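S.K.: Letter by letter, the chains look like this.
There are 2 protein chains.
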Amino acid sequence: MIQRNTIQCSVILKKINELKAHVTADELYEAIVSEYPSISRATVYRNLNKLVEMGKIRKVSVPNGADRFDYLCCDHYHVKCRLCGQLFDVEMDYIADLKQRIKDAHGFEFFGHNIIFDGICPACGKTKIKENKK
Amino acid sequence: MIQRNTIQCSVILKKINELKAHVTADELYEAIVSEYPSISRATVYRNLNKLVEMGKIRKVSVPNGADRFDYLCCDHYHVKCRLCGQLFDVEMDYIADLKQRIKDAHGFEFFGHNIIFDGICPACGKTKIKENKK
DNA sequence: TCCTTATTAGGATTTAATCTTATTAAAAGA
DNA sequence: TCTTTTAATAAGATTAAATCCTAATAAGGA
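Protein sequences, first through last, are from chains D and E. The first sequence begins at 1 in our numbering and counts up one residue at a time. The second sequence begins at 135 in our numbering and counts up one residue at a time.
Keep in mind the hints are simulated off the structure, nothing from the lab. Among the hints, erroneous ones may be present.
One-sided excerpt, in silico: chain E residues whose CB lies under 10 Å from chain D [said to hold, decoys possible]:
hint	residue
1	149
2	213
3	216
4	227
5	236
The structure presented is a predicted model; accordingly, all values stated were derived computationally and were not measured. Just so it is clear, CB atoms sit at the ideal spot from N, CA and C, and this is done for glycine as well.
Whenever a hint applies, use it, and build me the whole structure from the sequences.
M.R.: Listed below in structure tokens is the structure:
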């Protein structure tokens, strides 16, 4: 017996697919606790990592912020707004050959890569222009 | 009077350039406190952020780990060993045109990007082979 | 149904980073 | 040089993210 299917784990996976957003573990906990009041924060964190290892969801490490979890779809990248801190999807092909660009691997074994863009989202961009006009 | 040159700030910058490594704020604090015992952790963190904003050093956000700080040299990328957690430089040209690859910017303003590779360093790779042979 | 043990709940703990407040010192001007 | 202003500091408290700890629970094979 290696791994058990628990109600908690399936509730977590269901909720991520339902929300279709880049949620933090804590946001997810808050969303679940209303319909499953006894669930523990530790259970949410533990199962999220388990689901990532199983390849059923994706974890996005965000600079200066909590990790975010994403339902699975195509490979894609993200941009974090430097003003509001929100994470958005970026429509761009996955750069499959990125590791071929590495000049000297020094004996490293590469598995994948993570790209996060730094930018300003449309909403914050508009606010910024208004504030500059003041 | 906008900004003051403090001894603490210059000690921190000097130490980063001396170490020439990807140090965390805490590692840096430990390295400095021996020769400057009264320095405060908060001062190290505050000045590191200040130096990043001034463009004198670089901050690297590492998945599942503390931020690391780098002395300035050329633009480059990093790889984090998934076994030992250490951060290493990757020799690869900076992809200046990366944002041109974005298909639909949705009104976003882009400034830059951050790439972190996921891999296994040579030292850990050797250890792994040995352990598999057991 | 029973038994083994993976998983959970709930709170405690750890770690990274920042905040708070009284004190100190950088640097501009007299 | 001395005075004044206030940015920056020290030291400890606090916050936030994530994990750990332990007794209790429940998944699922026998």
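S.K.: Taking the earlier hints as the rules, which of them does this structure contradict?
M.R.: Hint 1 is the one this structure does not satisfy, whereas the remaining hints hold.
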